[in-house]
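Peer 1: In case you want the letters, here they are:
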Amino acid sequence: MRNAWVICRKELGSYFASPVAYILLTIFGLIFGYFFWTAVRFFVFEGIEMQMRGQAYPMNINEQIIRPLLSNVSVIGLFFIPMITMRLFAEEKRTGTIELLATSPVRDLEIIVGKWLAALIMYSCLLLFTALNFAFLFRYGNPDWKPLLIGYLGLLLQAGGLLAIGTFISTLTKNQIIAGAATFGVCILLWVVGWMGEFEMSTWARAFSYLSVVTHFESFARGVLDSKDAIFYAAVIFLGLFFTARSMESLRWRS
Amino acid sequence: MIKVQDLTKRYARTVAVDQISFEVAKGQIVGFLGPNGAGKTTTMRMLTCFLPPSAGTATVAGFDVLEQPLEVKKRIGYLPETPPIYPEMETVEYLRFVGKLKGLSGAALEKRVDYVCERCAIVDVRTKLLGKLSKGYRQRVGLAQAIIHNPDVLILDEPTAGLDPKQINETRDLIKDLAGEHTIILSTHILPEVEQTCEQVIIINKGKLVATNSVRNLQAQARGAELVVVEVAGRTGPLDAAIVQHKLQQVGGVSQVVCKQQSDSHAVFEIESEKGRFVRGDLARAVVQAGWDLNELRPTAMTLEEIFLQLTGSEAPSEEKAAPQEVLQ
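If you read the sequences in order, they're chains A and B.
Using this note's numbering, you'd call the opening residue of the first sequence number 287 and step up by one each time.
Using this note's numbering, you'd call the opening residue of the second sequence number 85 and step up by one each time.
Calculated from the structure, these hints are not laboratory results.
Cβ coordinates follow ideal geometry from the N, Cα and C atoms, glycine included.
Warning: the hint list may mix true and false statements.
[As the list claims (entries may be wrong)] Derived lysine-lysine pairs resembling DSSO-like cross-links, with alpha carbons at most 27 Å apart: (1) A/Lys379 - B/Lys212; (2) B/Lys158 - A/Lys379; (3) A/Lys460 - B/Lys219; (4) A/Lys460 - B/Lys216.
[To be verified] Covered stretches of chain B (chain A as the covering partner; in silico rule of three or more C-beta atoms under 8 Å from a C-beta of chain A): (5) 131-141; (6) 168-174; (7) 181-194.
Just chain B, same shape as in the assembly:
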């Protein structure tokens, strides 16, 4: 459905997207994963014919984005990062306007407007001014706008950004629901979002394609090892961090112990387990048996940076370290 070959976007001084190639099959949901500024939005804008690529080609449903932009645009529904709404319009008025722009008219238009209102759960705000809607409703109106002409391909730029957790779940369910009818590309920097909604993942960083992979493989890589933060305090007086570290190192299944912070009375360690081992229980036992206090023991998720490190570690470790810290819940 979507075929991208050596797609590049250069600006005056920077290369925003650098020779990206991937393919998306019909009916798939693909997650576009990367930290902010990785080039996700630029790539999507090139796919939607908003920006012309500097080099390379992209075809949507067999039409080239440079050669036949009108044909591509007819087949694409696009939700930019901020929903493109006119605050002075009413919901239905807006959807009618977008529908007409996309080539619908008459009874067919009315039918689609009713359908998308139903589908995106915005029936109760049909006659409200868009400027007065909450962020969640605006996002859903944005989504309704994207699917109004029943496009083959849906491109969603961070569809859940800025929503509250309940709205995030609703939006995700909606997107999953839509998957049967449309091919969907959605961008995000949140890993669980990809896990929950997507089948395929494309990871980019600094404009370069880092990996395209199925979600299952990525999950295995991300979840293979457990990462635990442990805070230990001395029960009677000062605590020697080096001894604690040595002790923790000896717990079965632990592959690495890093001391994050230490003072006279307590120390914080970050502990990585070997693949497939769960060490929290053993760690707790080890600390308590040694006569120390266990103040805190919590698993931390892998950050996106760490996944990038895993995926690209051998290639350019020093460069990757500079990547922005994106916490994955």
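The shape of chain A in the complex, shown without the other chains:
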């Protein structure tokens, strides 16, 4: 797996050598910052209001700020994931550098895992912004850190699955835009299929809504490590990487 790490380092290098990483970080930071500000403001106003009315309902930072924000991140992430994965293979195919990778003594799996890992690390860098914001909560309040950790684990698992799908789609084309658009479509679809279960109760609707990557995150957002949801994400990661490997193989037979 040393080779996977070599490739991962190179991918990270090209994220941060180009404006891509910085633009993603900036936009994500702005969007999350806005959400954070709104959530905290609402929380504080509610607290003041209750003090003025003289009645005290229990207030909980974890439940009222962290949980909804983590759920927001899991949806915002859907918009950023295509931009992280679209160039992974499409760019190499366009410039011909894929020939270098494919003729080096490196296994396909090592190439795939290396690239996927780099994408995941890039996504973790986005999450660092959220951690920066949450740090304020720890400074001025006393939230429980364990549910937050579970929440981050959930975000990483969810992103891992979607990034694996994005990596797969990136192997299908030479065109980054096509890869990005297709991944974006898939991400959005995997989000909205969850809505089906809300108004339909038939088996097929329940089966479809089970595929939603966002509903599986709910338990993580609550701070609950549900093996059912963890296994779902692990399965998506595995499938995505498996299809990527098959696609790499067929690339050789077709091209």
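Guided by the hints, dock chain B onto chain A, whose structure is given.
Peer 2: Same frame as chain A, now just chain B:
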């Protein structure tokens, strides 16, 4: 070192490489000659394990490309037609990355990076971004990348394509220099390149092996006859091309005269000499003595197509005529 047996690559509708067999001995430089689209790149890609063959076998240093691709890849350095560089990387950073991919690390890697920079004359662009390098430098970085792990076999796909004449010469010298340590296969559609750098030639056309031959034999075939273009004009008034043609035909050593173009006042002929005869002097004298003007007299090189015709002429002349016109300087 390299052994290829009935290697075939089929695509949905076309056969790109059709049952090619050849062998390359250790330390040789072999030129892979053929017009564009002949199947050179496909063959090289199969040798480098980038593409799997549809049929037949290829072994490099005793390892089969299908059975043990990792072992083959360890022993091969490959420069594709466009150097596989990442524009956002610096030269040294890139070479380190490739070196690590090929299994080098630590001090050994640094030593090889320094060595290939020296060898390929890219020391002065060590810390430049690859995307900013000129075509010649990119090509040399590509070559440096191919030799970084000191492979037994070097496979170079048109290493001089797109370079200016000075760079072409430098690249050729570099390749010749490398020959002692590595077995080299290089593809090209330029005949002089093969003459200057290679010992052995493999000619393919339309996926088929046309000939494998030593360069000396090929040179003899290509250079045996002289090909001259002559433009003649009438000195005083109209010119009868048929008379001129007849006159030129009679010059000693001329085997064939073809009228390429004619008008009232002038005509252009293409003249082929007999093997080993030089007829330019005699032709000039004949034209002038007959009272015509000699506007132009220049030797033309054999085109690749003509060499193919020579090599394959009796087998499938009509098919060969359709081959693309590739001018050999």
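Peer 1: Between the alpha carbons of B/Lys158 and A/Lys379, is the straight-line distance 27 Å or under?
Peer 2: holds (22 Å)
Peer 1: Below or equal to 27 Å on CA atoms is what counts here, so check A/Lys460 against B/Lys219.
Peer 2: Given pair A/Lys460, B/Lys219 holds - Cα atoms ~23 Å apart, limit 27 Å.
Peer 1: Take the segment 131-141 of chain B, compare each residue's beta carbon with every beta carbon of chain A, and decide whether three or more fall closer than 8 Å.
Peer 2: holds (count 5)
Peer 1: Do at least three Cβ atoms from the segment 168-174 of chain B come closer than 8 Å to Cβ atoms of chain A?
Peer 2: Per the Cβ count (6), the hint holds.
Peer 1: Does the structure keep A/Lys379 and B/Lys212 at a Cα separation of 27 Å or less?
Peer 2: holds (24 Å)
Peer 1: Does A/Lys460 pair with B/Lys216 here, judged by a C-alpha cut-off of 27 Å?
Peer 2: holds (23 Å)
Peer 1: Just to make sure I understand the rule, a stretch counts as covered if three or more of its residues have a C-beta closer than 8 Å to a C-beta of the chain. Does the segment 181-194 of chain B meet that for chain A?
Peer 2: Holds: 6 residues of the segment 181-194 of chain B have a Cβ under 8 Å from chain A.
In this structure, none of the earlier numbered hints is contradicted; all agree with it.
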